[in-house]
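J.: Work the whole structure out from these sequences, hints included.
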Amino acid sequence: MPIQVYSSKERKKVPFVPLEEGKVRMYVCGITAYDRCHIGHARSAVVFDAIYRYLRKRGFDVLFVRNFTDIDDKIINRAREEGISTQELAQREIDNFYKDMDALGVLRATYEPRATEHIGEIIELIETLIEKGHAYESGGDVYFRVRSFPKYGELSHRNIDELRAGARIEVGEKKEDPLDFALWKASKPGEPKWPSPWGEGRPGWHIECSAMSMKYLGKTLDIHGGGLDLIFPHHENEKAQSEAATGKTFVRYWLHNGFVTISGEKMSKSLGNFITIEAILGEFHPEALRLFLLSKHYRSPLDYSPEALKETETALWRGYRALYETQEILSSPVKKRRPLTGVAEEALERLGELEDEFFQAMDDDFNTARATGLLFEGIRLLNTVIEEFKKRPSLLYKEGLKGVLEGFSTISDVLGVLLKDPAAFIEEKKEMHLRSMGITRDFVDSAIEERDAARKAKEWEKADGIRAMLREKGIILMDTPQGTKWEVEIA
RNA sequence: GGCGGCGUAGCCAAGUGGCUAAGGCGACGGUCUGCAAAACCGUUAUUCCCCGGUUCGAAUCCGGGCGCCGCCUCCA
215 MPIQVYSSKE
225 RKKVPFVPLE
235 EGKVRMYVCG
245 ITAYDRCHIG
255 HARSAVVFDA
265 IYRYLRKRGF
275 DVLFVRNFTD
285 IDDKIINRAR
295 EEGISTQELA
305 QREIDNFYKD
315 MDALGVLRAT
325 YEPRATEHIG
335 EIIELIETLI
345 EKGHAYESGG
355 DVYFRVRSFP
365 KYGELSHRNI
375 DELRAGARIE
385 VGEKKEDPLD
395 FALWKASKPG
405 EPKWPSPWGE
415 GRPGWHIECS
425 AMSMKYLGKT
435 LDIHGGGLDL
445 IFPHHENEKA
455 QSEAATGKTF
465 VRYWLHNGFV
475 TISGEKMSKS
485 LGNFITIEAI
495 LGEFHPEALR
505 LFLLSKHYRS
515 PLDYSPEALK
525 ETETALWRGY
535 RALYETQEIL
545 SSPVKKRRPL
555 TGVAEEALER
565 LGELEDEFFQ
575 AMDDDFNTAR
585 ATGLLFEGIR
595 LLNTVIEEFK
605 KRPSLLYKEG
615 LKGVLEGFST
625 ISDVLGVLLK
635 DPAAFIEEKK
645 EMHLRSMGIT
655 RDFVDSAIEE
665 RDAARKAKEW
675 EKADGIRAML
685 REKGIILMDT
695 PQGTKWEVEI
705 A
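In this text, residue positions in the first sequence follow the numbering used here: the first is 215, and each later residue adds one.
Keep in mind the hints are simulated off the structure, nothing from the lab.
The beta-carbon is built from N, C-alpha and C at its ideal position, and this holds for glycine as well.
Certain hints may be false.
Said to hold, decoys possible - Cβ-Cβ distance ranges computed for the label pairs, FRET-style:
| id | residue 1 | residue 2 | range |
| --- | --- | --- | --- |
| 1 | Glu235 | Lys433 | 12 to 20 Å |
| 2 | Ile653 | Tyr538 | 17 to 25 Å |
| 3 | Glu331 | Thr463 | 22 to 30 Å |
| 4 | Tyr312 | Ser352 | 32 to 40 Å |
| 5 | Lys524 | Glu663 | 27 to 35 Å |
| 6 | Ser484 | Thr463 | 28 to 36 Å |
| 7 | Lys462 | Glu331 | 20 to 28 Å |
| 8 | Met683 | Lys643 | 39 to 47 Å |
What the hints assert, rightly or not - Lysine-lysine pairs mimicking DSS-like chemistry, simulated, CA-CA at most 27 Å apart:
| id | residue 1 | residue 2 |
| --- | --- | --- |
| 9 | Lys227 | Lys288 |
| 10 | Lys483 | Lys227 |
| 11 | Lys644 | Lys676 |
| 12 | Lys699 | Lys524 |
| 13 | Lys389 | Lys288 |
| 14 | Lys402 | Lys223 |
| 15 | Lys402 | Lys483 |
T.: Okay, here's the thing in structure tokens:
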């Protein structure tokens, strides 16, 4: 069974068969580098990162391109406001992008091209379009002649006549038709500019993606992705100009992720209600954000709230705790080969089935929501096995767990969560907490010692008092057969 | 006006013709514990917005209704 993907152009799930067997050419629209990334950018990046990871896990050789738009109106305006150059601004925001993406575990693409580094390719493409009659120069600008491309509207399912009726006609219009869009813009005084056959200017927004995707991936891509809002006009225009230039299908599968809403309202830069990745990471673990973004199907809207993210973080913790205990069992010195309990045997068997089901889930239009369900079913089963081991330790548990852990790690690899060393993850959280509370490890340790003494003397009131005191500082004690351990309260 | 999506437990969320309607968070009961915490076990949707229809059989398909949302403009 091949992978099924929902393609926006067909508006249904279709079998995914790449152009060249075993190879996937994938392009995802990156950011316009003029401001910090918000949670919507995070969703797009994380979703396509999971898709990228999955395709690789599935054995494809994936060529993945994610671009940076480093020249456009918004960048020019913002740079002017800040009194810096557009290059400085773009570079700063690209650095910020990497900071956010690294925290979220988003892998680097094979190529990460920038528009300003491909002016030559852009000009060449525009020249081709002019030669073929699909574009025209007008007062230093170059426009794409939309009506020269009959299939225009095919992707976004828009009727060209209705679009024309609704388009506003600007005064002093240089276009032949209001629907035509700019491929090249003549530069105004003081703006960044590049020489071209039509005078000094800069590329329009849509043309860079066509030029760069075709440079690195060829005339036909397998997957082109981005947020739902890019379908029109951005992707429609990309498709039109690319196909007009090459006469070939530009993209075989168009994938679009749904929006992030905040309290049910659409979030966007223009509405000003956006929340940055940086702000969220000040409060929550980046992995919790990543898991949250993957916990719903990528095409559905996803509503953000701090409460929802806290729930996800709680669940993530449960996962790391289970992994930590699993690790302890694997390194424990048991030698006896006592038989597994029936409960443990069943749990291990079910655990062994999870990987196959995970592939089924991801094959079905990258259903990461179902995949996260399987991940947590796995966590519960792992804990079940751990409980049974504690009752009657046996070497057989170690062997059983080792065998099952590989399949489990396939899931966490692709989702990009639960990958850290559990002990280190827990320690990291403790360090952060101690620092923010302004207390030292010694303080906690000596309080625990004092409490242990009280417990030995059966001075329960005193012992409970110490526990309550630590609890107020967000530290939770756990009395185990191996002594008292402590953990940090979540969020 | 045109196009599209959604409505599943207290909340979030999979499932789109037939296995016990995944999973998470929360709540309650139990095991463990001096008491807790963590973890596990059990309970928490006889039913999937409402009304009709198709079918041996529907949360899933069709028709109608109600409610919510998105796109059609720069935007992940």
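J.: Can you name, in rising order, the numbers of the hints this structure does not satisfy?
T.: 8, 9, 10, 14
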